[in-house]
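Asker: Chains as they are written, first to last, in the working numbering: chain C, 77 to 588; chain G, 37 to 362.
Hints should not be assumed to be uniformly reliable.
[Said to hold, decoys possible] Far from chain C by the CB rule (all over 10 Å, computed), these chain G residues:
#1 210
#2 215
#3 221
[To be verified] A partial selection of chain C residues facing chain G, derived with a Cβ cut-off under 7 Å:
#4 138
#5 187
#6 188
#7 190
#8 191
#9 268
#10 401
#11 402
#12 403
#13 407
#14 430
#15 440
#16 450
Worth flagging that the hints you see were computed from the coordinates, not collected in a lab.
Think of the CB as a built atom: it goes at the ideal place given N, C-alpha and C, for glycine as much as any other residue.
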Amino acid sequence: MLQEKTPSRAKPAITLEGISKSFPGVRALSDVSLALYPGSVTALIGENGAGKSTLVKILTGIYQPDSGVIRVADSDTTFPTALAAARAGVTAIHQETVLFDELSVAENIFLGHAPRNRFGLIDWKKLNADAEALLHRAGADFDPTIRLRDLGIAKKHLVAIARALSVDAQVVIMDEPTAALSHKEIHELYALIERLKADGKAILFISHKFDEIFRIADRYTVFRDGTMVGEGLIAEVSQDDLVRMMVGRAVDSVYPKKEVRIGEPVLTVSGYRHPTEFEDINFELRRGEILGFYGLVGAGRSEFMQSLIGITHPSAGAVKLDGEVLVIRSPAEAIRAGIVYVPEERGRQGAIIGMPIFQNVTLPSLSHTSRSGFLKLADEFALAREYTSRLDLRAASLDQDVGTLSGGNQQKVVIAKWLATKPKVIILDEPTKGIDIGSKAAVHAFMSELAAQGLSVIMVSSEIPEIMGMSDRVIVMREGRIAGRFERSELTAERLVRAAAGIETQLNGRAA
Amino acid sequence: MIAKLLKNREILLVVAVVVLLALIALRFPAFVAPFNLARVYNDTSILIILALGQMAVILTRCIDLSMAANLALCGMVAAMLNAAFPGLPIPLIILAAMALGGLLGMINGTLVWKLDIPPIVVTLGTLTIFRGLIFLLTDGKWINAHEMSEAFKALPRLDLAGVPVLSWLSLLMVCVMFLVMSRTPLGRAFYAVGGNPHAAIYTGIDVGRTRFFAYCLSGTLAGLSGYLWVSRYAVAYVDIAAGFELDIIAACVIGGISIAGGIGSVAGAVLGALFLGVIKNALPVINISPFAQMAISGTVIIIAVAVNARAERRKGRVILRKAEAV
Chain C
77 MLQEKTPSRA KPAITLEGIS KSFPGVRALS DVSLALYPGS VTALIGENGA
127 GKSTLVKILT GIYQPDSGVI RVADSDTTFP TALAAARAGV TAIHQETVLF
177 DELSVAENIF LGHAPRNRFG LIDWKKLNAD AEALLHRAGA DFDPTIRLRD
227 LGIAKKHLVA IARALSVDAQ VVIMDEPTAA LSHKEIHELY ALIERLKADG
277 KAILFISHKF DEIFRIADRY TVFRDGTMVG EGLIAEVSQD DLVRMMVGRA
327 VDSVYPKKEV RIGEPVLTVS GYRHPTEFED INFELRRGEI LGFYGLVGAG
377 RSEFMQSLIG ITHPSAGAVK LDGEVLVIRS PAEAIRAGIV YVPEERGRQG
427 AIIGMPIFQN VTLPSLSHTS RSGFLKLADE FALAREYTSR LDLRAASLDQ
477 DVGTLSGGNQ QKVVIAKWLA TKPKVIILDE PTKGIDIGSK AAVHAFMSEL
527 AAQGLSVIMV SSEIPEIMGM SDRVIVMREG RIAGRFERSE LTAERLVRAA
577 AGIETQLNGR AA
Chain G
37 MIAKLLKNRE ILLVVAVVVL LALIALRFPA FVAPFNLARV YNDTSILIIL
87 ALGQMAVILT RCIDLSMAAN LALCGMVAAM LNAAFPGLPI PLIILAAMAL
137 GGLLGMINGT LVWKLDIPPI VVTLGTLTIF RGLIFLLTDG KWINAHEMSE
187 AFKALPRLDL AGVPVLSWLS LLMVCVMFLV MSRTPLGRAF YAVGGNPHAA
237 IYTGIDVGRT RFFAYCLSGT LAGLSGYLWV SRYAVAYVDI AAGFELDIIA
287 ACVIGGISIA GGIGSVAGAV LGALFLGVIK NALPVINISP FAQMAISGTV
337 IIIAVAVNAR AERRKGRVIL RKAEAV
């Protein structure tokens, strides 16, 4: 699979060799090598969780590799801090720029290394003049004295580039820089990348979008499950090759998927739209079904789910539950109707640390555990005991603070909380993100069990094996729209990736 | 066992109050006589009632700086009602003061809920407005003891089974608030909103509405305190209870109610208020100047916050260790 390496015109600006990095329970990167050449754009491609962001963090000094060598200008080096990486000429431009909204453009460019006058104070005249020159080099023509908050994201990228130029960065990492840009802005970014190339910078370009990879990159590197599975020249590779390298494995059949008789439609969503986040969402969810929602991060899946349960409000659209039209204005109404949402960020949106386990479990069900406005503690304990034992929660006492539990057990408390409301539809947003393999298997088994009991499940996931292993049907979202619908029998990793990335399809996957 | 008990905030506070009393008793044994302790409790009653209201607000990650001004306005209105209609039954005047206080609390709550203005700004604004309203109502004139009816002034002092009505009222409020906090969905919502507002939204709790009710509660209790204050001291003017909002917040903070929200208890609020009450009553007795009193109160507040912050940090470490073990 490895493409023949073409002899490079120049020495690499930076080389990584044999980099490995593990986190407790996860091997994020395993023996990865990468070379970035001056005047060349290298595309870094891989699924979510393939190890791209870990690599970026190692390159920018935020993580330390467990083993391996970083070489800059022929000498081995380490980046113990972000500052060390910046001093070595490595700079990163993120999707959401990390700059300071309340400072001026010039201050942002020179933050930390502003020119000083002979009294040691900031030389504002020189600062603004130098900033203007740098902005000009970056192809920008706006006033360096305006506040950053008044600029759009594309122009903030330009400021970030000017900042990179100000420290004479030789290596520029762009982490999905176009994710938040408009069409016109993307073309301005391409022009800027061309200028940086002409300037001899080495560029690492991370993107999920194949059209822009083929438009802008010279070389490619593909990661899968923390290893490098292919690299070479873009000119010598096809989109199909890249997709195959990205997914390239048979999905292991270890998923505890149960055969369930799919029943009548429970939830029907039609014409759902939001002014900025999604549109044209139509689907049916049947009894006992697990419906997977796949897509790239930021495809609008969570946003749609939050709108479905009344946290945000759609501008149009209708929901039917068990054949009856339903208007959901708040999460409380969604819970009452029988639709619950288990959010993705469990730390922030899940358990309430500081509260005992039983109170966490009964929080959305208090109307069932109270009589004439007063809570019945005995009923609360009974409810909490019933559902936590079904999930095999390991805790000394239900009176214990939920914060003293491990991550996997906190997850069980959160799920027990939702099951205790006796829902008809349960929406699980990235249900296994960030938990260990054992807990993952338990969550999957439990999900199958729920479906077998006649509950309808929507599972939002960005992990292809999980989507393919658990779903009866899959809806793929891309840029706020439904980009594909697949029956379980039609599922292939290639089809999912193509639909999510928006590659024109020659296969017979039904792109909508 | 003892170490575990000492980790309990409320028990720690009881120990602190007892130690404080013991220290005072060394120099002035009469201070800890039952009769005198009952007198100290009675003297702290209004602070306890106010701290209970403030507790509800702080639990939801908000703050009510306007409580003392609310108290002053409601107290003034109660006094004016009494002066204008001396025949009006006192319970009716108390209800009117509580209703007015609740209304003022609703104004705070609405601004925080519907306009999403930071609570500290809202209540700083209403604090000034409430004081200004008193001035507009009275032209800065005082209502003095001779303008108030005897019944109006007598109620808080009225003896019931050897204990003044003022103390009974505060005990009643402690019981009511204990019920609200531990046995009603609203009380549970206060903790949930302060503990993790994002998670609370997903469980169907309306964060803004919960905060609104917390302000209604603190306002109503401030209204009740307004009548009690004015009748007890038999005078009403623009500046009564000026600066008292800080004592209320101090009582909560000493009582272990986390300014970051979600942590605290009725017992904590009561003990925090009692701690301040003991200091206030004891220091003059052992001849310490009022200025040193303020410094001592301030020092106690900072120590209390430091102790609480340490307790919470230790909790954080436990989570990490367990998470690593997975």
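Asker: Taking the hints in turn, state whether each one holds.
Answerer: Here is how each hint holds up against the structure:
no., hint, result
1, 210, "holds, 17 Å"
2, 215, "violated, 8 Å"
3, 221, "violated, 4 Å"
4, 138, "violated, 19 Å"
5, 187, "violated, 28 Å"
6, 188, "violated, 30 Å"
7, 190, "violated, 32 Å"
8, 191, "violated, 38 Å"
9, 268, "violated, 37 Å"
10, 401, "violated, 21 Å"
11, 402, "violated, 15 Å"
12, 403, "violated, 16 Å"
13, 407, "holds, 5 Å"
14, 430, "holds, 5 Å"
15, 440, "holds, 4 Å"
16, 450, "holds, 5 Å"
The earlier numbered hints that this structure contradicts are 2, 3, 4, 5, 6, 7, 8, 9, 10, 11, 12.
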